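What follows is each chain in one-letter form.
There are 2 protein chains.
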Amino acid sequence: MASTVEGGDTALLPEFPRGPLDAYRARASFSWKELALFTEGEGMLRFKKTIFSALENDPLFARSPGADLSLEKYRELNFLRCKRIFEYDFLSVEDMFKSPLKVPALIQCLGMYDSSLAAKYLLHSLVFGSAVYSSGSERHLTYIQKIFRMEIFGCFALTELSHGSNTKAIRTTAHYDPATEEFIIHSPDFEAAKFWVGNMGKTATHAVVFAKLCVPGDQCHGLHPFIVQIRDPKTLLPMPGVMVGDIGKKLGQNGLDNGFAMFHKVRVPRQSLLNRMGDVTPEGTYVSPFKDVRQRFGASLGSLSSGRVSIVSLAILNLKLAVAIALRFSATRRQFGPTEEEEIPVLEYPMQQWRLLPYLAAVYALDHFSKSLFLDLVELQRGLASGDRSARQAELGREIHALASASKPLASWTTQQGIQECREACGGHGYLAMNRLGVLRDDNDPNCTYEGDNNILLQQTSNYLLGLLAHQVHVTGMCVLDGACFRSPLKSVDFLDAYPGILDQKFEVSSVADCLDSAVALAAYKWLVCYLLRETYQKLNQEKRSGSSDFEARNKCQVSHGRPLALAFVELTVVQRFHEHVHQPSVPPSLRAVLGRLSALYALWSLSRHAALLYRGGYFSGEQAGEVLESAVLALCSQLKDDAVALVDVIAPPDFVLDSPIGRADGELYKNLWGAVLQESKVLERASWWPEFSVNKPVIGSLKSKL
Amino acid sequence: MASTVEGGDTALLPEFPRGPLDAYRARASFSWKELALFTEGEGMLRFKKTIFSALENDPLFARSPGADLSLEKYRELNFLRCKRIFEYDFLSVEDMFKSPLKVPALIQCLGMYDSSLAAKYLLHSLVFGSAVYSSGSERHLTYIQKIFRMEIFGCFALTELSHGSNTKAIRTTAHYDPATEEFIIHSPDFEAAKFWVGNMGKTATHAVVFAKLCVPGDQCHGLHPFIVQIRDPKTLLPMPGVMVGDIGKKLGQNGLDNGFAMFHKVRVPRQSLLNRMGDVTPEGTYVSPFKDVRQRFGASLGSLSSGRVSIVSLAILNLKLAVAIALRFSATRRQFGPTEEEEIPVLEYPMQQWRLLPYLAAVYALDHFSKSLFLDLVELQRGLASGDRSARQAELGREIHALASASKPLASWTTQQGIQECREACGGHGYLAMNRLGVLRDDNDPNCTYEGDNNILLQQTSNYLLGLLAHQVHVTGMCVLDGACFRSPLKSVDFLDAYPGILDQKFEVSSVADCLDSAVALAAYKWLVCYLLRETYQKLNQEKRSGSSDFEARNKCQVSHGRPLALAFVELTVVQRFHEHVHQPSVPPSLRAVLGRLSALYALWSLSRHAALLYRGGYFSGEQAGEVLESAVLALCSQLKDDAVALVDVIAPPDFVLDSPIGRADGELYKNLWGAVLQESKVLERASWWPEFSVNKPVIGSLKSKL
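Read top to bottom, the protein sequences are chains B and Y.
So for the first sequence, my numbering puts the first residue at -2; every next one is plus one.
So for the second sequence, my numbering puts the first residue at -2; every next one is plus one.
Chain B on its own, in the form it takes in the complex (with noise of 0.2 Å):
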């Protein structure tokens, strides 16, 4: 039945029920379902509901509220829930070319559900099958059809128990046999186990195994990716030689089953090498169409994007939710107020709008940012499926590495600061299981350190623009010289043209008035990110030149330099890109002072963390300049407290996937929590245990003797 946006029960976009967030529903500056439509467009809403309407209404996936699963129940079910999915088959292929950004919003949706769930489905059909795809050949094809169709089971098997950021120290080895036409996989022993690897513990048939290869004579070629059969899949048994296991509980996500495995010589076919960067010859000679090592590591940079890319938006999700069930609950929780006989919402404060608001604004401010990443990250996909090789498509390869690996520890971060603040905003409330922030705290925490430790992370990128600078410097002089020396493919980087005349610059807007715009901050951010780039160019020189090696001098660099500096460049690009997203003339006029207040408070809240660097740099003089800063914050957090509700309508899920007595639609707040506190398991019935205290008294002191 073909459903209408507005109005009836099977519209795109229902009414809410009423209730107690009526009144700041009406008293929002914009329609919801306007601003709904205009981020998302029609087709993607229709998209999102029908996986959720799905979804819902299959017992498969009932909510159990208060259920307290077993492991080995949860990692059953979230399985069952996995094959679902395939059942479903809600994207098919050829949508997903025709609407690439259906991807992440089939990720976030399921995660949105449970991120276990996303996890499973995404290791198993992007993360295994897009290796398979991009690092094998065509004869390697066959597996991409066992993948769609889930006749195999599979998983990613990079980091071993030593080893994680630093993969170039992985131990398993491949020793190619030409006698048999075999490689030999081998673990030297449990430290070089395969570990953490998801979907490992209990359901992959088959694991990307990245193994040293070496062929006969002892010539060893580095890391490259072997298929290698782990269990059977007609018995889910190990296959011989294959020591595989489940790495236990972990802080959350504990759907996914984690495992290890150790290779006791198990040998594979020689076409097992997925060999897009390298293969062996029958007789056992390495070819490669790369020159050197380095260089064969350059070209795999894209799918290290494409996983940290996608983190992105698996942190996002978290914090949708968290900031909508915060939000709702502040809307309705009444505390204190100006009479001993009225209590307001505790929204009305200054201080819990300060806490969650600019929270609120960071959702759109980073969704928007990870989506228009995402179709970054397609561009160059489509380039290197087109065996593009020119100097722009590697110029966007490593550009699109430097943003996602920046983006990724600032969503992930943003999203486990926001999730805690978020659950301390609701008190006690939030720290009750059924409301669902220490779910998703648990979930999100993950992504501060797969795929890249943040930190680590944040080198990439500072290393990028260092890079930037030194080759200018070297190549022009002075790059001030030349009047267009920065340019990049998405022109994250042109800014820098100013460099370094820019940082004569001063802030100089003395009013809150003048201050409560995005502008402001960009401007600020510019000055900054030129001045830490110039700070750690020289700090680096000044280090290498007082006999430190670069590995040293870099290391003394980060935590002052580098870092900082790779955080202000990604929160520069975030802002900048929402900042033209909600000033195109394409923005309807209703939703225009919405949008750019949530620019605008994004943009100077995470400048204002700044702020002792920007005085530090000249950038701020006075009492007036961070008094400004502070004050603009708190004003546009009073100017959104109205709209607060209807901005989480629009990216709240259905109650049934949000799951959070304290966040429904409804807002009745207490009866929906008195109600699922009820329906829990033996909630009134006494302790089976009882007679410990009835009958087996304590005797005080009887065990003192033995002390």
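Note that these hints are calculated values from the structure, not bench results.
As the structure is a prediction and not an experimental result, all values here were calculated from the model.
It is possible that some hints are incorrect.
A pair counts as met if it fits within one copy or between any two copies, since identical chains are not told apart.
[Said to hold, decoys possible] Derived pair list, reagent style DSBU-like, types lysine-lysine, alpha-carbon separation capped at 30 Å:
(1) 288 x 246
(2) 536 x 503
(3) 143 x 99
(4) 70 x 246
(5) 503 x 703
(6) 536 x 262
(7) 209 x 165
For this one, chain B is given, so just place chain Y on it according to the hints.
Just chain Y now, kept in the frame of chain B:
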């Protein structure tokens, strides 16, 4: 058997096993045993060892690696363990009076084993017990005996479903009926159900219930505590009219049964009123030793402080465990290095040092503060018990209330952020549940919101400081006219004598070497508190002059002024006390350097978060000030890294208690981790649901028609 301080297995401080941590231990600048003795004293070390050994030798406390405990099973275990603590009777009442610091030490020992156990024991013995003792009178002494014999089990029922922070709006009523000489306890509706009450879910037989006391003629006299029997101790079944249950799973502390209760006209004898603050005669006349409600409230501040001071201690124990785990991990985990062949411990990286060592310093500074504040509280309570009604006693109560209200937020947030940093600094392995960082984070979390939400508590402290200033301005015109107008029993505000003249001071340290002392930070903090005090005072008056009510004005000033004021004040006090502690003549010469560095690092690192304000107010100017501060923090981290393992050895409990494979004292990171993984349940076993993959294959898209 008597144990000796050094040597042998039964030694008070036994040697650590040899292993990968030896290198760092050998490089330490001091003897960890000497520091342990200096910090704790031999008696306290022996007391803790007794407790830890008893738990380790008792199978009831056995750790079960990888256990996936159900909620019910965990609550049973925790109850049994709590009962066993009574059988050990580690701390007699006489010992408690003789060595009051053994109280927080016992709680820390139990909390290091499991926060749920500490909470369960603390809520019954100390919170419920103290409430009966300090709010009741002679007629309630019979309960005290039953509490210590565990004949009854207690809980403290203040908060309701819809009211936490605003306790004045609590709606449970206690109407007095002179006909039967009973109170009728009643919950008007479910929103007034007592909620979140620890121990109430499954175990408590008695509750201290706060209700509005009303006597005939509908005269109500505000909240009063009643001791109400909620379950029959013989059966653990609810008493008639009481609906009592468990609120369900929380983010952490799931061994503790938090519960709810609704009372339907439950009649309790007149004597159930805990009548220290007010009583009702048999005929129904209300009598109170206090003139008005406000005075009665003031008298109860002491017991509020006591809860907050305990939380400081509970938070810090979690941080101790987390930094111990993360630093031992960092000293043994190797990743990257100056050459491809040589990998170095991650603790050698300035980034890792900067992430972790300030939290190690925070443990030492906050732990010292926590003990000193506890002793202050003991002094206050002794005064109360002896009936001291002097002005000094009242002032002491206010000062402790101000310090407790801000140190609870400082300790719980520092721990929250510290555990998160530790968890991330251990990468993936920090995300594995068995390594315990997740449990620590989850168990610490409520410290941020219970016994007063952190942000609300900070307002208490800023109000205290503003009150002092307002009083002085009122009495003496300008405080500076009088040489000694700020005096408090604990001297925490005496430095305000220098106000406002101190505001002319500037930061005058120009080299990093001159900055490596906590005296530098102390001077800056004194300026900062004076600056924020003036700014807050002016802002508040400005708001009031422009027509804001007191309520509005305070709310408008809190984010930008009151909050940083309260935090800066308590940080100053923590820094001041630790600075004095490490500079006292009794510090052994061999410990002075390392303690001085810890003090300087905590002080400068904390101060650096206020760098923007230091610039804004003019204490800092020029690029150098900020650079010197930042460089000093990094220099201290570098100076302390070789001492880090030995500093951890002082604060870490035995391996059995620490319970983290990556944090064990032998430093055998991978052997311990691998061994623990293989101990988990069904680690290598095929999943029970294997046919769901192998046999019941999905038909791709088979459900598409349902969409």
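Item to complete: Go through the numbered hints given earlier and state which of them the structure violates, listing their numbers in rising order.
Response: Of the numbered hints, 1, 5, 6 do not hold.
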